[in-house]
Amino acid sequence: MKPVVLMVGADKGGVGKTTVSRTVLDYLRAKNTPVRAFDAEHPRGTLQRFHPDITEVVDVTTAADQMKMIDTLSTSEIKVSLIDIRAGLLAETLDTLTEVGFFDLVNEGEFNFGLMHVVGSSVASLDEIAEVLPFMKGQHYFIVKNFINDTSFFEWNPAIYKNYFKGTNTAVEVTIPKLNEMAYEQVELAGVPFTDYIANKHTNGQPANNSLVLRGYVRTWLRHICDEYDRVGLLDRLTDRQAAAA
Amino acid sequence: MTVSAFSTVLPIDRQLLPDRQPLRDPDLSQSAVRPSPAAIVASLHARTGKTLLARVLADYFTLSGRPPLVFDTDVTEQTLRASFPYDTVVVDIGEIRDQMTLFDTLARRAPEARVVDVSHHAFRKFFKVMAESQFAAEARAHNVEPIIFYITDRNPDAYEEARLLRQRFDDCALVLVDNAFLGRVKEQTRRAAGYQALQEHDLRMALPRLDPGLADALDDPSLSLSAIVSQPLSRSETGQRVPGDLPFEERAALRAFLMTVFRDVHRLTREIETRAPALSSAEAAL
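Protein chains in written order, with the working numbering: chain A, 1 to 246; chain B, 1 to 286.
Warning: the hint list may mix true and false statements.
Unchecked claim - No farther apart than 27 Å at their CA atoms in a straight line, the calculated lysine-lysine pairs in the DSSO-like style are these:
| hint | chain 1 | residue 1 | chain 2 | residue 2 |
| --- | --- | --- | --- | --- |
| 1 | A | K145 | A | K68 |
| 2 | A | K2 | A | K79 |
| 3 | A | K68 | A | K137 |
| 4 | A | K137 | A | K2 |
| 5 | A | K137 | A | K12 |
| 6 | A | K178 | B | K125 |
| 7 | A | K201 | B | K128 |
| 8 | A | K178 | B | K128 |
| 9 | A | K68 | A | K2 |
Just so you know, these hints were derived from the structure itself, not from any lab.
Nothing here was measured: the structure is a model prediction, and the numbers come from that model.
This is chain A alone, in the form it adopts within the complex (with noise of 0.2 Å):
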């Protein structure tokens, strides 16, 4: 298997990529396919407080951490590396994978790369995709949309969002479903991953104290979430185990 990049970030702030990446995670894991994180929220690190045991804390912009994500991804036994970018720092994130040569070595085959992008509701977000499309000629594209903190993309208007896409058959729509604010905010609390939420464990393995309601809630949320990676074929299509079948 081909080394795989997957990259989650946004522009705009409070979309929920940090929750993003931790579903992906979960859902890794849940495919049996063995992953390690960067959370390039340096210094403070949202997504390692979750997933401390896969998840190192980097600095996108030093020469140093890229060298520690990049230049490791053919030794690492680890396939699968997953970026959480640090809200607003997106397209300058790709810009710098585009000056290491990065993409040319993607573009060679050496490696996968994917792109998840969180996106808000506002019109400003179209603009963002706009930004982002000419780096993902050829790579996989996934657009997500999340519905998490009840957003309604009201001010999407089909005409002018189709209008971006012209030309581009690669990004592909993924949307996260609504999780009701109790359980979200008591995961949250606990600090752990959601699977480990729904075995109502700690941190440290030992049982927990989570309420079972709450832990069906998120139980059937998940559950959503992975079906809709699996429509996509999120794993196949970074695997290329689904070579070009869309």
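Following the hints, put chain B in place on chain A, whose structure we already have.
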């Protein structure tokens, strides 16, 4: 109903006293302590006798030595709460906080029995949350035995719903309750697939027909059913106020009604308890 049935109340009492001996070995305690029943009373339609059955069950558990926690899901009427003002929690099934109060408490390891009156308004939501939270498995793991008491009525859709419940909650005992007060099942119902599918269902009980006058007496929520059963019927008993100020004949008839139901409930809970380990080992094998 014969008089001999009245005398059975005391032995039932003793048999059902929970084992409160503390056990040192937690594994031992799991196998030795009888499971706490969680009775979920439901029916698809309104006015089928749900609240009466819930009340009878609560009184049965009280008399058998494990006074229950009672949940009333009818936020507007709160009829069951009127009978057990100090032991009833009223929950709004539409509220997540209340769902947590209800199911998290129901599934908790504790010696007391639990009774839930699922109002027909709460029906869909209740069973959706019950399924999604995988309540039955969790309850079992905590030595709580959930039992759905489903009152069928005369209509085909009530049986179809019962069939779906049995399918959806195959890890949970389902008791079909026939309320004689509702009259005979319609011919059309008998021909329906749901009714036919349940013909072989073995966990069944009946609420015997009650004289309309007695049904009125039962409408008084403060009338204690356990007092009717446990207090002497004899007129010669002096100084003690008779429950509900009912005449002797009415108390006798109510007592007969209650004893019939209590015996059915006793038989069913016993049977379900003895089945339970077989069920969970089958689950474990999956």
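Check: Are the Cα atoms of K178/A and K128/B separated by 27 Å or less?
Finding: holds, 17 Å
Checklist line | Agreement of K201/A and K128/B with the hint, judged by alpha carbon distance not exceeding 27 Å | finding: Holds: K201/A and K128/B sit about 24 Å apart, inside 27 Å.
Item checked: Pair hint K2/A and K79/A, alpha-carbon separation not exceeding 27 Å -> The hint holds at about 7 Å.
Notebook entry, point to check: Keeping to a limit of 27 Å between CA atoms, is the pair of K68/A and K2/A held or broken?
Noted result: holds, 18 Å
Check: Under the criterion that the straight-line Cα-Cα distance not exceed 27 Å, is the pair K178/A, K125/B satisfied?
Finding: The given pair, whose Cα atoms are some 18 Å apart, holds under the 27 Å limit.
Next item on the list: Take the C-alpha atoms of K137/A and K12/A, compute the straight-line distance between them, and say whether it is at most 27 Å.
Entry: holds, 22 Å
Next item on the list: Take the C-alpha atoms of K68/A and K137/A, compute the straight-line distance between them, and say whether it is at most 27 Å.
Entry: Satisfied, since the Cα-Cα distance of roughly 26 Å is no more than 27 Å.
Next item on the list: Could you grab the alpha-carbon distance between K137/A and K2/A and see if it respects the 27 Å cut-off?
Entry: At roughly 19 Å apart (the allowed maximum being 27 Å), K2/A and K137/A satisfy the hint.
Margin query: For K145/A and K68/A, compute the direct alpha-carbon distance and say whether it is at most 27 Å.
Written below: violated, 30 Å
Taken one by one, the earlier hints fail for this structure only at number 1.
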